[in-house]
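> Each chain is listed here by its residues.
2 protein chains.
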Amino acid sequence: MALALDEARKAAARGEVPVGAVILSPSGDLLAQAGNEVLARKDPTAHAEMLVIRAAAAMIGSERLNGCDLYVTLEPCAMCAQAISLARIRRLYYGADDQKSGGVRHGGRIFSQQSCHHKPDIYSGFAEREARDLLRGFFRDRRDTG
Amino acid sequence: MALALDEARKAAARGEVPVGAVILSPSGDLLAQAGNEVLARKDPTAHAEMLVIRAAAAMIGSERLNGCDLYVTLEPCAMCAQAISLARIRRLYYGADDQKSGGVRHGGRIFSQQSCHHKPDIYSGFAEREARDLLRGFFRDRRDTG
Numbered sequence: 001m002a003l004a005l006d007e008a009r010k011a012a013a014r015g016e017v018p019v020g021a022v023i024l025s026p027s028g029d030l031l032a033q034a035g036n037e038v039l040a041r042k043d044p045t046a047h048a049e050m051l052v053i054r055a056a057a058a059m060i061g062s063e064r065l066n067g068c069d070l071y072v073t074l075e076p077c078a079m080c081a082q083a084i085s086l087a088r089i090r091r092l093y094y095g096a097d098d099q100k101s102g103g104v105r106h107g108g109r110i111f112s113q114q115s116c117h118h119k120p121d122i123y124s125g126f127a128e129r130e131a132r133d134l135l136r137g138f139f140r141d142r143r144d145t146g
Numbered sequence: 001m002a003l004a005l006d007e008a009r010k011a012a013a014r015g016e017v018p019v020g021a022v023i024l025s026p027s028g029d030l031l032a033q034a035g036n037e038v039l040a041r042k043d044p045t046a047h048a049e050m051l052v053i054r055a056a057a058a059m060i061g062s063e064r065l066n067g068c069d070l071y072v073t074l075e076p077c078a079m080c081a082q083a084i085s086l087a088r089i090r091r092l093y094y095g096a097d098d099q100k101s102g103g104v105r106h107g108g109r110i111f112s113q114q115s116c117h118h119k120p121d122i123y124s125g126f127a128e129r130e131a132r133d134l135l136r137g138f139f140r141d142r143r144d145t146g
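Same order as they appear, the protein sequences are chains L and Z. The first sequence begins at 1 in the numbering used here and counts up by one. The second sequence begins at 1 in the numbering used here and counts up by one.
Isolated chain L (complex conformation) (with noise of 0.2 Å):
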């Protein structure tokens, strides 16, 4: 989660929103880290999780992650929570709750759906109040409307 948090760090810096994301092979080893990238790619699905995701599968060369773990700084949206789902990812950790965006506890409930075909084990709190802070302090000082 250390590394995730360095990546939404690293994008606040560049005036995204900052959550960060990281995922983990099977046997633990680093696949993929980001941080979100939407304004800097122009495109709305880069969120941090969709590129870790999408990056990690190309570099295992499969469409499906199974057995990788996904470390997030902030609860998924919907859109990332469902590509969570689509990917296979075995766990995800994340660390503060987003009442306002969030698909895992809060809008969607994307995972509680007879529709969701496939689960990960969910953790929640890691270092929370760091993520949240962090995220705080950037709407509290953002003047960009990204």
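Derived from the structure by calculation, the hints contain no laboratory data. The structure presented is a predicted model; accordingly, all values stated were derived computationally and were not measured. We put the beta carbon where it would ideally sit given N, CA and C, even for glycine. Among these hints, one or two may not hold up.
Derived PhoX-like pairs (lysine-lysine); straight-line CA-CA distance at most 20 Å [stated by the list, open to error]:
1) Z:K42 / L:K100
2) L:K10 / L:K42
3) Z:K10 / Z:K42
4) Z:K119 / L:K119
Quick list of the computed label-pair ranges, beta carbon to beta carbon [to be verified]:
5) Z:N66 / L:E128: 49 to 55 Å
6) Z:M59 / L:Q99: 21 to 27 Å
7) Z:S27 / L:G28: 50 to 56 Å
8) Z:S112 / L:R14: 30 to 36 Å
Selected chain Z positions facing chain L (Cβ under 10 Å, derived; list incomplete) [unchecked claim]:
9) M1
10) M50
11) E128
Since chain L is already given, all that's left is putting chain Z on it; use the hints.
Okay, now just chain Z, sitting in the frame of chain L:
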């Protein structure tokens, strides 16, 4: 929707789940068209809707597709529905309902959540029979588990 159906047929011919999508600009010009490419790209996020959103955003140089309309042959899943919201798509036209994996009228019902910050106008039932027949034929015939 005819163009989206063509993309769905091409996806089926490649062995992909037969879903196709198109994005039109506010003035009705074609910005992007794609079929599912999950297997070809080895990317679990490469649904037709995601590909056209990313391509259209790259084309117009903005992470927001204000005023653009998206046509897709099947009810979007939760990932694609949330991406449609994030991209600020104006109108969503889709063909057949997807009771198994849909995220608009089924599952996470993304656009019905309080946490959904942008909801497109939604129209469904276009070329419904053709879109559904393509899917049914594909799942009847396929040997691949992709």
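> Does each hint fit the structure? Answer for all of them.
Results of checking the hints against the structure:
{"no.": "1", "hint": "Z:K42 / L:K100", "verdict": "violated, 32 Å"}
{"no.": "2", "hint": "L:K10 / L:K42", "verdict": "holds, 17 Å"}
{"no.": "3", "hint": "Z:K10 / Z:K42", "verdict": "holds, 17 Å"}
{"no.": "4", "hint": "Z:K119 / L:K119", "verdict": "violated, 26 Å"}
{"no.": "5", "hint": "Z:N66 / L:E128: 49 to 55 Å", "verdict": "violated, 35 Å"}
{"no.": "6", "hint": "Z:M59 / L:Q99: 21 to 27 Å", "verdict": "violated, 34 Å"}
{"no.": "7", "hint": "Z:S27 / L:G28: 50 to 56 Å", "verdict": "holds, 52 Å"}
{"no.": "8", "hint": "Z:S112 / L:R14: 30 to 36 Å", "verdict": "holds, 33 Å"}
{"no.": "9", "hint": "M1", "verdict": "violated, 23 Å"}
{"no.": "10", "hint": "M50", "verdict": "holds, 6 Å"}
{"no.": "11", "hint": "E128", "verdict": "violated, 19 Å"}
Comparing the model with each earlier hint shows violations of hints 1, 4, 5, 6, 9 and 11; every other hint is respected.
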